[in-house]
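Per the working numbering, the very first residue in the sequence shown carries number 343; after that it's consecutive.
Listed next, the in silico PhoX-like pairs over lysine-lysine satisfying Cα-Cα at most 25 Å (straight line): (1) 447 to 468; (2) 608 to 583; (3) 468 to 418; (4) 583 to 609; (5) 379 to 468; (6) 447 to 418; (7) 584 to 609; (8) 468 to 413; (9) 584 to 608.
FYI, nobody ran anything at the bench for these hints, they're computed from the structure.
Model, not experiment: these values are computed from the prediction.
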Amino acid sequence: MKVFPILVAVGVMGGGVLHSGATASADVPQGTDFVWKGRIDGGKSIEVKNINGPVHAVRAEGSQVEVVAVKQAGRKGDPGDVTFEVVEHGDGVTICAVYPNALDKEPNECRPGSGGRMNNRDNDTKVEFTVRLPAGVNLAARTVNGDVDAREIDGNVYALTVNGDVDVAAAGYVEARTVNGSIEAVMGRGDWRGALELHTVNGGVTVTLPSSVGVTLSASTVNGSFDSDFPVTVQGRFGPKKISGTIGDGGRELQIETVNGSIRLKKQQ
343 MKVFPILVAV
353 GVMGGGVLHS
363 GATASADVPQ
373 GTDFVWKGRI
383 DGGKSIEVKN
393 INGPVHAVRA
403 EGSQVEVVAV
413 KQAGRKGDPG
423 DVTFEVVEHG
433 DGVTICAVYP
443 NALDKEPNEC
453 RPGSGGRMNN
463 RDNDTKVEFT
473 VRLPAGVNLA
483 ARTVNGDVDA
493 REIDGNVYAL
503 TVNGDVDVAA
513 AGYVEARTVN
523 GSIEAVMGRG
533 DWRGALELHT
543 VNGGVTVTLP
553 SSVGVTLSAS
563 TVNGSFDSDF
573 PVTVQGRFGP
583 KKISGTIGDG
593 GRELQIETVN
603 GSIRLKKQQ
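Hey, can you work out the whole structure from these sequences and the hints?
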C-alpha cells in the first residue's frame, strides 16, 4: 500500500497495480485545490473520504477516473491546513481530505474502508469532491457533514454520511447509511452477496429495485409508514411499522431501517 500526500496525481492501474506520480502542478484548473486522474481496473473501487462537505459522483466516458476537490473557507481554521492523500491498495484507490487532528488524538491517517483516523480540530473548511468514474468501477463515498449524490454509476455504490442525504442511482447495487438525512437508492441489479443495509435515523428511505428481484426483506420504522410496489410474503407478525418477509423467490437479504421516516419500495419501470 502506497500513500501520497499531494496536490495533483496522475496514475494508471493495470493488472491490479496502480502506478501514479504525485507532484504539485501548475496545471490544476483555477478554483480547484486538488485533482487526481488515473485508470482503475473494472470491479475495483475509487473511495473518497471527507469530513466537511459533499461528495458528488457521475459516470465518465472513456476509461479514466477523475477526482476533483474544491475548498471553501469557513469561520474557523485555515483551509491550507486541510491536505489531500492518495492511497493505492489491492482493491483500488482511496483519497482523503485530511484535516488537522485533535490535540488529544493520534495523527490522522488515510486508509481504505473503515481503517485509518479522520478527526478534526477547530477547522470548518468545506471540501467539495466531484468524482467521475467510468463503467465497471465501484464507488465508496464517506463524509460526515454533507450529502452524497451519485448518478448513472455503472457499478456498485457504498455511501456513508452522518449529517446529509444520500441520493444514488447505480447499475449495480447500493448500500447506504446516514443519521440525519434521507436515502434514495435506485439499483439496477439485485445480485449482491450477504446482507445489504440501508439505514438512517431521521429521514425516509426510498428504494427502487429491478422488477424481477428476489430478496428476503427486513424493514422497520418507528415514526413512519411502509409501502411497497412489490407483493411481500410476510413471515411472522406483520405491523405497519415493521415487516419481515420475501419478495419474489427471496434469497438475498435487504435490511431497511429508520426511526423518523417512512419506507417506500418501488419497482423499476
